[in-house]
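Under the numbering used here, the first residue of the sequence shown carries the number 32, and numbering increases by one thereafter.
Because the hints were derived from the structure by calculation, they are not lab data. Ideal Cβ placement from N, Cα and C applies to all residues, glycine included. Among the clues, some could well be false.
Straight-line distance between alpha carbons at most 27 Å, and here's what the computed DSSO-like set of lysine-lysine pairs gives [as the list claims (entries may be wrong)]:
#	residue 1	residue 2
1	K134	K182
2	K41	K180
3	K111	K41
4	K41	K110
5	K111	K182
6	K183	K134
7	K110	K180
8	K102	K182
9	K182	K41
10	K110	K182
11	K102	K183
12	K41	K183
13	K111	K180
14	K180	K104
15	K41	K138
16	K104	K183
17	K183	K111
Taking CB as the label site, the calculated pair distances span [said to hold, decoys possible]:
#	residue 1	residue 2	range
18	P80	Y149	35 to 43 Å
19	W132	I49	20 to 28 Å
20	L44	P80	31 to 39 Å
21	K102	Y148	31 to 39 Å
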Amino acid sequence: MTDKIVSGEKFWLRIIYIVSIVITLAVAFLILGPRPDGMEGMLDVSALPHLNALLNSTCTVLLLAALWFIKRKEIDRHKKTMLTAFGVSVLFLVSYVIYHWFKAGPKMYVGDFSSIYYFILLTHIVLAMFIIPLALITLYRGWNMQVAKHKKIARITYP
Numbered sequence: 032m033t034d035k036i037v038s039g040e041k042f043w044l045r046i047i048y049i050v051s052i053v054i055t056l057a058v059a060f061l062i063l064g065p066r067p068d069g070m071e072g073m074l075d076v077s078a079l080p081h082l083n084a085l086l087n088s089t090c091t092v093l094l095l096a097a098l099w100f101i102k103r104k105e106i107d108r109h110k111k112t113m114l115t116a117f118g119v120s121v122l123f124l125v126s127y128v129i130y131h132w133f134k135a136g137p138k139m140y141v142g143d144f145s146s147i148y149y150f151i152l153l154t155h156i157v158l159a160m161f162i163i164p165l166a167l168i169t170l171y172r173g174w175n176m177q178v179a180k181h182k183k184i185a186r187i188t189y190p
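Whole structure, please, built from the sequences with the hints as guidance.
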């Protein structure tokens, strides 16, 4: 690998880490931080949880299709499907941010099995923080045809 490629990769890895940190902090602020006066109720976001579920389901189907394509050595279809899945994930993130910006602040869970709920919530939050850079690095390496590195990290990102 040439020095130019290595320095280029270092640059993009820094960008990926910065983007990952910014997204994580922004989402944490949206969920835990104060809301500006008057934001709650300015926009009806009641349908967004359903849209988010649809986007996540669509992404799951696309990821399964992409896995199927790569196992059949259909690299071009795999690439297109993965880029589509990434686009759907970005739409999910935008919808998620809009929902949390315009809805009421966080509320304590009051249902049964609160310890199970909070365990799932905490592990979801931690895993979501780690998947952002992993997914972006996987996408970067696939995009740049660093096949060996792409395969290695894809096994972690998409077990």
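Here's how the hints hold up against the structure:
Distance hint between K134 and K182 is unfulfilled; the C-alpha atoms sit about 40 Å from each other, more than 27 Å. With a C-alpha separation of about 14 Å, the suggested pairing of K41 with K180 holds against the 27 Å cut-off. Straight-line distance between C-alpha atoms of K111 and K41 comes to about 25 Å, which keeps the hinted pair within the 27 Å bound. Distance hint between K41 and K110 is fulfilled; the C-alpha atoms sit about 23 Å from each other, no more than 27 Å.
For the suggested pair K111 and K182, the alpha carbons sit about 17 Å apart, so the restraint of at most 27 Å is met. Restraint check for K183 and K134: not satisfied, since their Cα atoms lie roughly 40 Å apart, outside the 27 Å limit. With a CA separation close to 16 Å, the supplied pair K110 and K180 stays within the 27 Å bound. For the proposed pair K102 and K182, the alpha carbon gap of about 12 Å is at most 27 Å, so the pair holds.
For the hint linking K182 to K41, the alpha-carbon distance of about 19 Å falls within 27 Å, and the restraint holds. Proximity of K110 to K182 is assessed by CA-CA distance (about 13 Å); at most 27 Å being required, the pair is judged to hold. A distance of roughly 15 Å separates the Cα atoms of K102 and K183; the hinted pair therefore holds under the 27 Å criterion. Distance restraint check for K41 and K183: the Cα-Cα separation of roughly 18 Å lies within the 27 Å cut-off, and the hinted pair is therefore satisfied.
Note on K111 and K180: the hinted pairing holds, with a Cα-Cα distance of about 19 Å set against a maximum of 27 Å. Only pairs whose Cα atoms come within 27 Å are accepted, and K180 paired with K104 is accepted, the gap being roughly 17 Å. The straight-line distance between the Cα atoms of K41 and K138 is roughly 41 Å, outside the 27 Å bound, and the hint therefore fails. For a cut-off of 27 Å, the pair hint linking K104 to K183 stands: about 17 Å separates their Cα positions.
Taking the CA atoms of K183 and K111, the gap is near 20 Å; set against the 27 Å cutoff, the hint holds. Remark: the range hint 35 to 43 Å for P80 to Y149 is contradicted by a beta-carbon distance near 19 Å. Between W132 and I49 the beta carbon distance is about 22 Å. The supplied range of 20 to 28 Å therefore holds. At roughly 34 Å, the beta-carbon separation of L44 and P80 lies within the given 31 to 39 Å, and the hint holds.
The supplied range of 31 to 39 Å is met by K102 and Y148, whose beta-carbon atoms lie about 36 Å from each other.
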